[in-house]
Each structure stands twice: as structure tokens, then as C-alpha cells.
Amino acid sequence: MIMNMLDRKLVRDFVRLWAQSLAIAMVLACGVATLILSVGAYRSLEETRATFYDRYRFATVFASAVRAPRHLKSRIADIPDVLSSELRIAEPVLIDVEGMREPASGMAISLPEFRDPAVNRLYLRRGRLPEPERSSEVAVVETFADAHGFEPGDSFEAIFNGRKQRLNIVGVVLSPEYIYAIGPGDMVPDPRRFGIFFMPEKVMSGLFDMEGAFNDVVLTAARDADTRVIIDRLDEILKPYGGGGAYDREDQISHAFLDAELDQLNAMATVIPPIFLAVAAFLVNMILSRLIALDREQIGLLKALGYRNLTVGMHYAKLVILISLAGILIGSVSGWWLGRGLTRIYAQFYSFPFLIFRQSVDLYFLAGGVSIAAAVAGAAKSIWSSVTLPPAVAMRPPAPTTYRNTFVGALQRIGVFSQLSIMAFRHLLRWPVRSFLTMLGTSMSVALLITSLFSYDSIDYMIDAIFFRADRQDATITFSVDRGPQALIAAAAMPGVMRAEPYRMTPVNLRHGHRELRMSLTGVTPDSDLSRVLDLDLFPVAAPENGVILSERVASKLKLEPGMTVEVELLERDKRLEDVTVVGVAQSYIGLNAYMHLDALDRLLRDGRQISGARISVDEAMLDELYDVIKSTPVISSIALQGVSRDRFRATIEENITTMSTIYVTLAVIITFGVIYNSARIQLSERARELASLRVFGFTKAEVSSVLIIELALIVLAAQPVGWLVGYGLSWSVMQGLQSDLFRVPLIIYTSTYATASLVVIAAAVASVLIVRRRVDHLDLIRVLKTRE
Amino acid sequence: MNEAVFTTRNLTKIYLTGDVEVRALNGVDSELYGGELAVLLGPSGSGKSTFLNIVGGLDRPTSGQVTFRDQDLATLSDGKLTLYRRNHVGFVFQFYNLIPSLTAWENVALVTEVADNPMPPEEALAMVDMEKRMTHFPAQLSGGEQQRVAIARAIAKRPEVLLCDEPTGALDSKTGVIVLEALTRINRELGTTTAIITHNAAIRNIAHRVISFIDGKIAEVQVNDQRIEPSEVVW
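These protein sequence lines map, in sequence, to chains U and D.
Throughout the first sequence, residue numbering follows my numbering, covering 1 to 789 in sequence.
Throughout the second sequence, residue numbering follows my numbering, covering 1 to 235 in sequence.
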């Protein structure tokens with residue numbers, strides 16, 4: 001096939017403009033890649049989760065009781081829309097792993113005999129499931145096994161009701177219930193210190209005195225069932241057995257964390273790609289309008305030769321499409337590659353038995369279509385001008401650029417600025433829209449950097465607030481059931497314990513009007529010094545004699561303010577309802593919280609002084625002795641270690657943020673480079689003659705480049721405050737996307753983050769200007785002066 | 001006759017266009033004398049522009065010598081050539097080459113800012129009768145006016161030589177005359193050595209000497225005993 005002449009020109013233009021085309025293609029590629037990455041990862045993660053849930057019958061409703069008889073089974077199964085149910089025994093235990101100093105927390109869950117569970121089935125990774133009669137056989141979740149290098153045949157010890165027992169691992173499993181397994185008191189999963197294992201039902205009931213009884217129920221419901229109805233019925237059935245507080249899948253921790261992750265990917269898909277597409281559209285606009293200005297006489301000639309207006313327009317549209325295709329290709333390949341990488345990270349972070357890497361063709365078409373549309377939209381005005389240019393006018397040179405004596409003239413009279421600076425100022429103001437858009441494009445890089453870096457600041461602030469202001473204890477111990485006041489004295493008497501503060505927790509439903517939230521109500525002593533309730537300014541407040549303090553998220557979700565009354569449904573007390581006055585609002589970044597004076601909570605529950613556990617500060621030197629005692633104390637069901645928790649949290653978050661920041665810094669550098677490099681090249685093309693003249697008059701290379709550099713420097717400088725502002729806004733919206741009932745991230749941006757963002761962008765701008773500067777240095781003086789503009 | 005400002009000996013410039021060797025200058029021996037007004041005549045491609053570019057420090061010869069006073073221009077570094085242009089040479093081009101973003105006054109000031117002993121921009125503009133249009137931008141000026149601003153800009157630094165490449169090439173005869181008048185006046189009043197390239201033979205008679213180029217060589221040097229005023233030039 002012989003290429004027609006216009007297409008030959010097209011290919012040659014594309015090759016000639018390769019550097020600028022590449023800069024634009026790279027910006028487009030970023031948009032395409034982030035779109036494919038985020039939507040692709042979203043779909044992969046969602047599909048993987050859905051498939052796992054579906055195949056392994058993940059429950060839709062969860063509930064627990066203290067001790068309920070098994071004959072309730074038929075009543076539960078008869079609840080309308082319930083498809084299947086499984087009655088289980090689930091007990092928190094302490095785990096003692098050889099070589100590990102501190103006790104780990106664990107959860108022992110029963111497995112039915114001679115059949116698979118009807119709900120929450122296990123995926124067997126290695127080995128087999130425990131045999132019904134073998135009291136020491138367990139199957140452990142893969143994360144815990146991997147963290148300790150356990151294989152079938154290995155063993156560890158667990159403390160059941162104060163009795164230490166050696167357990168033999170026969171299988172390694174995955175559960176849809178623990179895709180994201182987070183231990184008590186932890187903020188991120190720590191597979192080393194949190195293990196879930198499964199034992200035969202008969203063995204469990206023997207260990208926990210649960211013959212013919214259960215304390216945990218999971219069930220699946222029909223697809224379109226109203227889970228609220230099921231929850232109400234289930235609560236009713238379990239109410240006499242210390243039950244109540246059944247909850248929906250939405251409130252299940254592992255599920256909710258995955259939801260938060262999916263939301264985040266969704267936010268990424270909607271916030272980031274549009275920025276790149278807009279910047280790319282602007283860049284296309286910039287270089288195409290310049291190209292058409294340079295091609296003016298050729299356009300006139302083509303039309304004089306009889307080419308149709310539309311053919312000429314199409315010629316330029318094709319160039320834009322060619323650039324877009326390059327961008328789409330680069331973006332698709334890198335998006336695919338990054339998407340695979342991200343999905344692999346998910347595979348490590350979350351426990352899925354398999355991973356469905358979902359890369360549907362429609363996504364690529366969508367990304368490609370959107371990119372071409374953005375680029376062509378950016379080019380529309382220029383293409384239109386080529387279409388409408390009358391040939392006779394086109395063949396005459398364009399009228400010289402007119403400048404107006406704006407206030408730059410006043411600068412002139414002050415006499416501070418050289419004529420070279422005046423040139424830069426005038427040129428800048430001569431094309432205010434272009435200058436503004438260049439500035440805006442650059443500010444997007446700054447904003448993008450701030451948006452990616454601010455999480456360091458927020459997390460840092462959060463860690464300070466949580467671990468150094470609010471929960472300053474070294475460890476939190478939880479009793480298997482609430483105990484009398486003597487338990488605190490016993491806790492305080494343990495080796496190494498320097499201070500022990502009691503707390504009490506009870507599950508409640510808080511209600512205000514039609515709004516309702518399920519959470520724990522915590523009783524604290526007013527003289528608590530280790531664990532403190534903080535007000536909105538992070539100052540500690542003592543719980544008053546009466547009333548409840550709500551965390552900010554609870555208050556805002558229930559539309560409550562101090563002075564108003566909240567209805568408290570006591571889930572462990574037959575759903576008894578009590579009205580309590582809200583006396584304060586507290587800052588809290590994790591979970592949903594409500595606090596009361598311990599005495600007030602005791603009065604509310606009407607059973608005298610009871611405590612759920614204690615927060616303790618410990619003498620480091622006596623940790624081993626303390627751990628030994630805890631491991632052999634039957635009443636302690638779990639221990640949360642603040643220091644380990646904090647380090648783990650910091651490490652996990654930092655790893656995530658570092659990965660993301662690297663990506664974002666790359667993206668921001670690409671935008672800056674695309675914008676500044678293209679602006680400089682366009683300027684150079686428009687002003688080659690001017691700059692060459694200056695060289696002829698005896699201005700040095702440095703002086704001549706300064707005209708270009710001053711203008712770009714002004715643009716880059718003006719972009720900084722705008723970028724900071726936009727960055728703050730974007731960070732705010734990203735942060736809104738991160739808010740959930742599980743955790744809240746405060747919006748904190750340190751000055752150093754603004755500075756870092758600016759420095760990176762300025763460095764990228766300087767680099768791109770230096771590249772163009774080399775061209776200024778090599779201007780062909782004679783040729784430039786001989787040609788007519 | 002005054003002493004020679006420029007001397008060239010066997011000046012040769014070869015351009016390579018693709019595989020074709022073009023001898024733009026082929027062994028030119030010449031002098032330009034202090035205070036003279038020389039017209040360089042010749043058809044396109046005869047080498048006169050190349051000659052002017054080399055003398056003006058915009059280009060280097062392939063071989064041969066070119067000296068400005070006692071300085072060998074052929075051996076100067078880029079930086080030295082820049083300084084040479086800045087301090088000694090004024091250029092006027094066919095297409096004016098004014099900076100569109102600067103007013104007439106500012107275009108002149110552009111040069112006076114970096115010159116050692118410049119005249120005030122107003123004075124330079126007055127010499128070309130442009131002092132009334134100082135605040136106008138190039139786009140607001142006619143071609144002749146733009147060229148006069150370009151001349152003012154060239155002379156404002158009191159250069160020793162003024163090199164003009166087709167200064168009237170883009171102008172009609174009437175404005176061309178006005179521009180030539182400005183050039184002869186400057187040559188007369190300031191004593192600036194002036195070289196004017198043209199292929200308009202009618203202009204030859206305003207010069208002290210006419211140097212004709214053909215095929216990269218000087219074909220003839222003619223000394224005018226009787227010079228005419230620009231207004232007498234018949235186009």
C-alpha cells in the first residue's frame with residue numbers, strides 16, 4: 001500500500017516532534033495506567049473475594065451467645081430467608097509458641113464432625129482437617145503457619161481455661177472469615193501474634209464445657225433477603241442465652257477492611273486519571289496550535305491544491321490520535337504490569353486461596369477511548385482553526401503578535417528590571433490563558449505529591465495521638481469473662497506490673513431517632529493515666545460521674561451533641577433500654593467508641609463492680625516473668641501489646657505508603673516534565689528568531705536563556721501556592737474516602753510535606769528547562785535570521 | 001583613505017549540504033576602511049551574506065584569515081565572538097528582527113543596557129526620526145518604521161561597524177529611501193563603518209565603494225567619485 005502524501009507528512013511530523021509527542025504520551029500513559037491499575041485491581045480483588053465467598057459459603061449474618069443449647073438449631077434454620085446455618089464454639093485463647101517470648105492471641109473455632117461446615121468452609125492448603133476424636137489435632141490458618149514456619153506435623157501450645165495443651169498441626173487452611181485477620185488491640189494484621197485454628201467440635205466442647213451447647217452462630221441468607229429482619233429474629237432466639245448483637249456481614253472486620261480497600265481503589269480510579277487526562281489535553285492543545293501556526297502556509301497550499309477542509313482537519317486529528325495511541329500503548333502495558341504487581345501484593349496481604357487477575361478487554365477500550373477523547377478535545381480548537389483557515393489568508397504570513405502596554409510598562413519605569421525580564425513578563429501576560437494553564441498543570445504535580453505524601457504526616461500524627469497521648473499502656477489484658485474488683489488487684493500483683501487500670505466493656509446499640517450504631521461501651525476510671533479519653537484538641541478528659549462521652553464519628557453519625565440524650569440498648573442485658581445524656585465528644589481514630597465513668601456503667605448494668613480487663617504498664621526487665629504468669633493464668637483470654645502493635649502498624653503503613661509514594665513521585669515528575677518541557681519547546685519555537693536576534697546583538701547564551709527561564713520560573717513559582725491549595729483539597733477528598741467505622745485518618749499536612757512537593761516539582765522543572773536550554777545554546781543564528789517568521 | 005577596519009585574506013567558506021560541497025566564499029581578499037560606506041552587490045548565492053556573517057562574527061570561515069583591527073576573528077571562541085558582537089558590531093536585517101514583546105524604545109534599550117558607552121535610546125531613535133513613536137510595539141509600526149527602529153537599535157551602542165543585510169529588501173521604494181537616508185546620515189555624522197548588502201544595483205551610487213561578488217569571489221571593486229543622495233536613487 002502506498003501511503004498518501006498527507007500521511008507521509010503525518011509520520012514525519014510525528015517523528016520530528018518525537019520528544020514533545022513522547023512527553024504528552026507519557027502523561028496520557030499515566031492516566032491510562034492508573035485507570036487500568038485501579039479499576040483492574042478493584043475488579044480483581046472484588047472478583048477474587050466474591051468467588052472465595054461464594055465457593056466457601058461465607059456467612060451473611062454473625063451472632064454470639066454465652067452458652068446456647070444446640071436444639072435452637074431448627075428455630076434458627078426456620079428463620080425466613082436463612083439458607084444454611086452453622087452452630088459453633090469459638091473461644092479466644094492464648095497461644096504459646098516456642099521461641100516467642102510474648103504470648104500470642106488466638107481464636108479457637110469448632111469444626112463439625114464428619115461433614116464440612118455448612119457456612120464459612122475452609123480451604124485446605126496443606127495436610128488434612130483434624131479427625132473428630134483426636135483431641136490434639138488442629139488446622140491453622142496459613143498466615144499464622146507461615147509466620148512461624150509451621151507445617152503439618154509441627155506443634156504449638158495453647159492455654160485453654162488455664163490449662164496448657166500441646167496441639168499438633170495436621171492441616172493449613174484459609175477461611176473466608178479471616179481474609180484480613182486482625183488480632184485484639186492491633187491496627188494491622190500481625191500473623192505472628194494472632195493465630196486462628198480449628199478443632200473438632202467434640203474436643204472443643206470438652207475443653208470449654210460446652211457439651212450440647214454453642215456460643216457462636218453463622219448463617220447464610222438468600223441473596224435479596226433483608227438481613228435486618230434475620231438479625232432481629234436471631235437476637236430474639238439467642239436473647240435468653242446471653243446472646244444478642246447479631247450483626248451483618250458489613251460489620252464483620254475482615255469484610256469491612258476489604259471494603260475499605262475497595263473504596264480506596266475506587267477513589268483512586270475517579271480522582272487520579274482525570275488529572276492526567278486534563279493535563280494531556282492541555283499539552284495537546286499547546287503543541288498542536290503551535291504546529292498549525294507553523295504549518296499555516298502549508299495548510300493554505302494544500303487547500304489551494306484542492307484538498308478538502310475536512311481532509312486537512314483529519315490530518316491533524318490523526319497526529320493527535322497517533323500520539324494518544326502511543327500513550328495508550330505505554331499506559332496499557334505499564335498499567336497491566338503494575339496491576340499484576342498490586343494484585344500480588346494483595347495476595348500476600350490478604351489470605352486468598354487463589355487470585356483472579358481480572359483484566360477485561362472493555363477496560364482497555366474504556367481507557368483508550370477516554371484518552372483519545374481527551375486528546376482530541378484538547379486539539380479541537382486548533383484542528384478547527386486549520387479547517388476554517390481560508391487558503392488565501394493562510395498563504396500570507398500571520399499578523400505580528402500584538403502586545404499591549406499593560407502594567408509591565410510601569411515595571412519598566414521603576415527601572416529595576418532588565419529589558420530581558422520585561423520580555424519575559426510581557427510574553428507571559430500576552431498569552432494569559434496559556435500561562436495560566438501551564439501554571440495549573442504544574443500545580444497539579446505539586447498537588448499530586450502532597451496527596452501522596454500527606455499520609456506520612458497523618459499517620460505520624462495518628463500514632464502520636466493513639467500511642468503517646470491516648471493509650472499509653474504497655475499492654476492490655478482481657479479476661480475471658482467479666483470479673484470482680486479482686487481481678488484488678490491480681491493483675492496489679494503480677495510480676496513487673498507497675499500500674500494497672502481497670503476497664504469494662506459491654507456491647508451496645510446506641511440509638512438516636514432512626515439512627516443506630518453497634519459498638520462497645522467502655523467504662524473507665526476518672527483517674528486513668530495510662531489509657532485516657534482525649535477531647536477534640538487531644539487533651540485528656542476525665543469521664544464525669546454521669547453521662548456518656550462519644551467519639552466524634554459516633555456523635556456525627558448519630559447527630560448527637562453534648563446535652564442531648566442517647567438511647568443505649570444493652571445487648572448483654574436482654575436488650576434493656578436506658579437513656580443516657582451525652583456529656584462530651586472525644587477524638588478517636590480507631591473504631592467506634594463511647595466512654596462512661598466505670599461507676600456509671602456499673603450502675604447502668606446493675607451488677608456491681610465488674611471489669612473486663614486491665615491496662616497495665618510493665619517494667620521491661622520483668623517481661624519474661626510476666627508473660628509466664630499470663631500464659632498460665634486461666635482468666636486471661638488475650639493480651640495486646642502496644643509497643644509491638646505500634647511498630648507493626650508503623651512498618652505496615654510505611655511499606656504501603658512508600659510503594660504508593662514512589663509511584664506518585666514518578667507520576668508527578670512525568671507531569672512536570674511534560675508541562676514544562678513542552679512549554680519551553682513551544683516558546684523556543686515561537687521565539688527562536690527573537691532569541692537568535694539577541695545572540696546576534698551580543699547577548700550571551702546565559703542571558704538569552706534567561707528570557708525563557710525567567711518566564712518558566714515565574715510560572716513554576718506561581719504554581720506552588722496553587723498546588724499546595726489543590727493538594728490540600730485532594731488530600732481532604734482522599735481522606736474522606738478513607739473514613740470508615742474501623743478507622744479515621746486525620747488530615748494533617750506538615751510544612752515539610754509542602755516543601756518536599758515543591759522541591760521535587762522545581763527540580764523536575766529545572767531538569768526540563770536545562771534540556772531545552774541546550775537547544776538555545778545551539779540556535780542556528782544565520783538560518784533563523786534569514787527566514788521570515 | 002582611512003586605515004582598514006577589516007582585512008580578509010584568502011577567506012574561504014565551504015558548506016556541506018548533504019553530500020554536496022558548496023563553496024560560498026572562494027578565497028576572498030578584501031578590506032573595509034574606517035568610516036566608509038560600502039555597498040556589497042551580487043546575485044543570490046554570490047557569497048555576500050556569508051561574507052557579512054563572517055565579518056560580523058556570526059559564522060567562522062573554513063579557511064583563510066579575517067581580522068578586525070588586529071584581532072583574528074576566525075580563532076575567537078564562542079564567548080569572545082559574543083563579546084565582539086556586543087561591543088563592536090551593529091546589525092540591521094531584511095526582516096527587522098525586532099522583539100515583538102518590547103516597544104520601540106525598549107528594543108533599543110535592550111542593546112544599550114549591555115553596551116559600554118551607549119547613547120540614550122531616545123537619541124538613537126531621534127537619529128532615525130522615530131522619537132515620536134517610541135512607545136509603540138513593533139506590531140503597531142509600518143515596515144519602514146520597524147526598520148528604522150532596528151537601525152536605531154543597531155547604532156545605539158555606537159558600534160564601530162554597521163552591517164546591513166538587505167535593509168530595504170522588504171520595503172517599497174519610498175520607505176526604502178527613508179531607511180537609506182537614516183543609514184547615510186549615521187555614516188556621515190557618527191563615522192560608523194557601514195556595509196550594506198543589496199541586490200538592488202540602483203543603490204550602489206550612494207556608497208563610497210561598491211564591492212561586487214560573483215561565485216564566492218570579489219569580481220570588481222568600484223570607487224564612486226561622485227556619490228548621490230538616497231533621495232536621488234531611482235528604484
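Hints in this document: simulated from the structure, not taken from any laboratory.
None of these values were measured; they are calculated from a predicted model.
One or more of the hints may lead you astray.
Counterexamples of contact, computed for chain D against chain U with all Cβ distances above 10 Å [to be verified]:
hint: 1; residue: 97
hint: 2; residue: 110
hint: 3; residue: 140
hint: 4; residue: 173
hint: 5; residue: 214
Some residues of chain D that are not near chain U, with every Cβ distance over 10 Å (derived) [to be verified]:
hint: 6; residue: 16
hint: 7; residue: 86
hint: 8; residue: 106
hint: 9; residue: 107
hint: 10; residue: 113
hint: 11; residue: 119
hint: 12; residue: 132
hint: 13; residue: 153
hint: 14; residue: 189
hint: 15; residue: 202
hint: 16; residue: 208
hint: 17; residue: 221
hint: 18; residue: 223
hint: 19; residue: 224
hint: 20; residue: 227
hint: 21; residue: 233
Partner residues are not named here, just some residues of chain D that face chain U (Cβ under 8 Å, in silico) [unchecked claim]:
hint: 22; residue: 17
hint: 23; residue: 58
hint: 24; residue: 82
hint: 25; residue: 100
hint: 26; residue: 114
hint: 27; residue: 134
hint: 28; residue: 137
C-beta: ideal position from N, C-alpha, C; glycine also.
For each hint, the structure was consulted:
Some Cβ of chain U comes within 10 Å of the Cβ of residue 97 of chain D; the nearest lies about 4 Å off, and the non-interface call is violated. The non-interface label for residue 110 of chain D is inconsistent with chain U: the shortest C-beta to C-beta separation is roughly 4 Å, within 10 Å. A cut-off of 10 Å between C-beta atoms contradicts the statement that residue 140 of chain D is not in contact with chain U; the least separation is 7 Å. A cut-off of 10 Å between C-beta atoms confirms that residue 173 of chain D is not in contact with chain U; the least separation is 20 Å.
With a cut of 10 Å on Cβ distances, residue 214 of chain D stays outside the contact zone with chain U, its closest approach being about 20 Å. The Cβ of residue 16 of chain D sits about 14 Å from the closest Cβ of chain U, beyond the 10 Å cut-off, so the non-interface label holds. The claim that residue 86 of chain D is not at the interface with chain U is violated, since a C-beta of that chain comes within 10 Å of its own (minimum 2 Å). In this structure residue 106 of chain D is not separated from chain U by more than 10 Å, as the shortest Cβ-Cβ distance comes to only about 5 Å.
The beta carbon of residue 107 of chain D sits about 8 Å from the closest Cβ of chain U, which is not more than 10 Å, so the claim that it is off the interface is violated. The claim that residue 113 of chain D lies off the interface is violated: its Cβ sits roughly 6 Å from the closest Cβ of chain U, which falls inside the 10 Å cut-off. Distance check on residue 119 of chain D: its Cβ is at least 15 Å (rounded) from any Cβ of chain U, clearing the 10 Å threshold; non-interface status holds. Under the 10 Å C-beta cut-off, the non-interface status given to residue 132 of chain D relative to chain U holds; the minimum distance is some 16 Å.
The beta carbon of residue 153 of chain D sits about 8 Å from the closest Cβ of chain U, which is not more than 10 Å, so the claim that it is off the interface is violated. Here residue 189 of chain D stays apart from chain U, with its beta-carbon at least about 22 Å from theirs, past the 10 Å limit. With a minimum CB-CB distance of about 23 Å to chain U, residue 202 of chain D clears the 10 Å threshold, and the non-interface call stands. Annotated as non-interface, residue 208 of chain D keeps its C-beta farther than 10 Å from every C-beta of chain U; the closest such distance is 26 Å.
Interface exclusion of residue 221 of chain D from chain U stands, the closest Cβ pair being 25 Å apart, more than 10 Å. Look at residue 223 of chain D: its CB is around 30 Å from the nearest CB on chain U, clear of 10 Å, so calling it non-interface holds up. Distance check for residue 224 of chain D against chain U: the nearest CB is about 29 Å away, which clears 10 Å, and the non-interface claim stands. The Cβ of residue 227 of chain D lies farther than 10 Å from every Cβ of chain U, with a closest approach of about 29 Å, so its non-interface assignment holds.
Residue-level check passed: residue 233 of chain D sits 25 Å from the nearest beta carbon of chain U, beyond 10 Å. The criterion of a C-beta within 8 Å of any C-beta in chain U is not met by residue 17 of chain D, whose closest approach is roughly 12 Å, and the hint is violated. Contact between residue 58 of chain D and chain U, as hinted, is supported at the beta carbon level, the nearest pair being about 5 Å apart and thus within 8 Å. The criterion of a C-beta within 8 Å of any C-beta in chain U is met by residue 82 of chain D, whose closest approach is roughly 5 Å, and the hint holds.
For residue 100 of chain D, the shortest C-beta to C-beta distance to chain U is roughly 5 Å, which falls under 8 Å, so the interface hint holds. Below 8 Å, beta-carbon pairs count as interface contacts, and residue 114 of chain D has one with chain U at about 7 Å; its hint therefore holds. The closest approach between the C-beta of residue 134 of chain D and any C-beta of chain U is roughly 11 Å, which is over the 8 Å cut-off, so the hint fails. Hint status for residue 137 of chain D relative to chain U: holds, with the closest Cβ pair at about 5 Å, below 8 Å.
Consistency note: the structure conflicts with the earlier hints numbered 1, 2, 3, 7, 8, 9, 10, 13, 22 and 27.
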